[in-house]
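Enquirer: Chain by chain, the residues run as shown.
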Amino acid sequence: MLVGLSRTGNRGAFAELVTRRQAWIRNLMRRCSGDATLADDLSQQVFMQAWRSIRQLHDSERFAPWLKRLAINTWLQHKRRNDPLRAADEHCDNDASHQDHTGVAMDLDHALATLPDDVRLCIVLSYHERMTHAEIEAVTGMPLGTIKSHIRRGTKRLQEELAAYADTAKETT
Amino acid sequence: MITDHDPKLVALFAKAEAELDDTDFTADVMRMIDDQRRKTLLVWLVFVIAGIIGFALVAAPVITAVSMATELLPTSLVNFESDWISMLLAPVNSVAAAIALGALAIRSFYRRVFR
Numbered sequence: 233m234l235v236g237l238s239r240t241g242n243r244g245a246f247a248e249l250v251t252r253r254q255a256w257i258r259n260l261m262r263r264c265s266g267d268a269t270l271a272d273d274l275s276q277q278v279f280m281q282a283w284r285s286i287r288q289l290h291d292s293e294r295f296a297p298w299l300k301r302l303a304i305n306t307w308l309q310h311k312r313r314n315d316p317l318r319a320a321d322e323h324c325d326n327d328a329s330h331q332d333h334t335g336v337a338m339d340l341d342h343a344l345a346t347l348p349d350d351v352r353l354c355i356v357l358s359y360h361e362r363m364t365h366a367e368i369e370a371v372t373g374m375p376l377g378t379i380k381s382h383i384r385r386g387t388k389r390l391q392e393e394l395a396a397y398a399d400t401a402k403e404t405t
Numbered sequence: 002m003i004t005d006h007d008p009k010l011v012a013l014f015a016k017a018e019a020e021l022d023d024t025d026f027t028a029d030v031m032r033m034i035d036d037q038r039r040k041t042l043l044v045w046l047v048f049v050i051a052g053i054i055g056f057a058l059v060a061a062p063v064i065t066a067v068s069m070a071t072e073l074l075p076t077s078l079v080n081f082e083s084d085w086i087s088m089l090l091a092p093v094n095s096v097a098a099a100i101a102l103g104a105l106a107i108r109s110f111y112r113r114v115f116r
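Chains A and B, in that order, give the protein sequences.
First residue of the first sequence? That's 233 in the numbering used here, and the numbers climb one at a time after it.
First residue of the second sequence? That's 2 in the numbering used here, and the numbers climb one at a time after it.
Misleading hints may appear alongside valid ones.
Unchecked claim - Taking lysine-lysine and the BS3-like style, the derived pairs with C-alpha atoms no more than 25 Å apart in a straight line are:
1. A/Lys388 <-> B/Lys16
2. B/Lys16 <-> A/Lys300
3. A/Lys388 <-> A/Lys311
4. A/Lys380 <-> B/Lys40
5. B/Lys9 <-> A/Lys388
6. A/Lys380 <-> A/Lys300
7. A/Lys380 <-> A/Lys311
8. A/Lys300 <-> A/Lys311
Said to hold, decoys possible - Here are the simulated distance ranges between beta carbons:
9. A/Gln281 <-> B/Ala99: 38 to 48 Å
10. A/Asp291 <-> B/Pro92: 44 to 54 Å
11. B/Leu105 <-> A/His290: 23 to 33 Å
12. B/Asp23 <-> A/Arg362: 16 to 26 Å
13. B/Ala99 <-> A/Leu237: 41 to 51 Å
14. A/Gln281 <-> B/Ala98: 42 to 52 Å
15. B/Ala98 <-> A/Arg362: 52 to 62 Å
16. A/Met374 <-> B/Asp23: 30 to 40 Å
17. B/Leu89 <-> A/Leu237: 51 to 61 Å
18. A/Glu248 <-> B/Ala99: 46 to 56 Å
19. A/Pro375 <-> B/Phe110: 48 to 58 Å
20. B/Tyr111 <-> A/Thr240: 24 to 34 Å
21. B/Gly55 <-> A/Glu248: 37 to 47 Å
22. A/Gln281 <-> B/Gly52: 20 to 30 Å
Stated by the list, open to error - If you want a taste of the chain B side facing chain A, the calculated C-beta under 10 Å gives, among others:
23. Leu10
24. Val11
25. Glu20
26. Leu21
27. Asp23
28. Phe26
29. Thr27
30. Val30
31. Asp35
32. Asp84
Keep in mind the hints are simulated off the structure, nothing from the lab.
Cβ coordinates follow ideal geometry from the N, Cα and C atoms, glycine included.
Taking the hints into account, I'd like the entire structure generated from these sequences.
Expert: Here it is, written out as structure tokens:
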């Protein structure tokens, strides 16, 4: 109903949609970028893009996957732009932007940051968004074999980086 | 397809999922939307005003040219006894044919490049 109202240009309905979906999109962007400030900027862009093109969404039930696709496209575009000045700013701001992160989130983002961009994206979409390989292929345009290998490599790397968590899990059990 | 997930990593990703407070996020998004709407309206306003000014400046010569064209184009350059042949050879047909061919060429180009 909110999606339907938003499609007619109802600002209140769209604001309610933003309120309900903001945590999900911001978390997704945080896992992708590893930077809370950048993640919030990109999330705002996602919702602005959603407002501009929500009339093109014919099936209201498909709002969540549509929004997720917008978010992933926004992230891919950001990566393509690859502004070195912005990247430098992001690097400088990283410590401050992590202040509201929990320890686990910080460690996870730190481990994710060690992965190459494409590998990180595949891992985030697979583990965070629980997307299938075929869905990742449809959204990113990467070949299926590459996605599988990225996820395998990324998983191995994360297991090494986050081995301490596995050890503490063993100790507590 | 997602059965090869490491359950410990799945748990970590779930644990890292923060309950982020809205704190001004929605308000910021709506403010940016309003700003963008204002900018779009401003651009349209500038275009409309420029269009009106431009039309006012060129209206008289354009109307003269259009009226001349509507008078001259349907008039055959060569006089024939048959009205049908005269109509077929009127300059308007040449102009229409050129426009039609141009439209077909653009359509064909668009289909090849973008589809």
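Enquirer: Does 42 to 52 Å hold as the CB distance between A/Gln281 and B/Ala98, or does it fail?
Expert: For B/Ala98 against A/Gln281, whose Cβ atoms are near 44 Å apart, the range 42 to 52 Å holds.
Enquirer: Hey, does the B/Phe26 contact hint survive, CB to chain A under 10 Å?
Expert: 5 Å, holds
Enquirer: Okay, B/Gly55 versus A/Glu248 on CB: inside 37 to 47 Å?
Expert: 43 Å, holds
Enquirer: Would the hint on B/Val11 be counted as holding, given a Cβ-Cβ threshold of 10 Å to chain A?
Expert: Hint on B/Val11: holds, closest Cβ of chain A at ~6 Å, below 10 Å.
Enquirer: Against the 25 Å threshold, does the CA-CA distance of B/Lys16 and A/Lys300 hold or violate the hint?
Expert: Holds - the C-alpha atoms of A/Lys300 and B/Lys16 are around 20 Å apart, at most 25 Å.
Enquirer: Can the suggested window of 44 to 54 Å be confirmed for the beta-carbon pair A/Asp291 and B/Pro92?
Expert: 52 Å, holds
Enquirer: B/Lys9 and A/Lys388 were given as a pair; does the straight-line alpha-carbon distance stay at or below 25 Å?
Expert: 12 Å, holds
Enquirer: How does the Cβ-Cβ distance of A/Glu248 and B/Ala99 compare with 46 to 56 Å: does it lie in that range?
Expert: 55 Å, holds
Enquirer: Hint check: is the beta carbon of B/Leu10 less than 10 Å from a beta carbon of chain A?
Expert: Hint holds; B/Leu10 Cβ to chain A Cβ min 6 Å, cut 10 Å.
Enquirer: Verify the proposed pairing of A/Lys380 with A/Lys311, using a straight-line Cα cut of 25 Å.
Expert: Holds, because 21 Å separates the two Cα atoms, which is no more than 25 Å.
Enquirer: I want to verify a distance hint. Is the separation of the beta carbons of B/Ala98 and A/Arg362 within 52 to 62 Å?
Expert: Given a distance of about 60 Å, which is inside 52 to 62 Å, the answer is holds.
Enquirer: Can the restraint linking A/Lys300 and A/Lys311 be considered satisfied, given a maximum Cα separation of 25 Å?
Expert: 17 Å, holds
In this structure, the earlier hints numbered 4, 19, 32 are contradicted, and the remaining ones agree with it.
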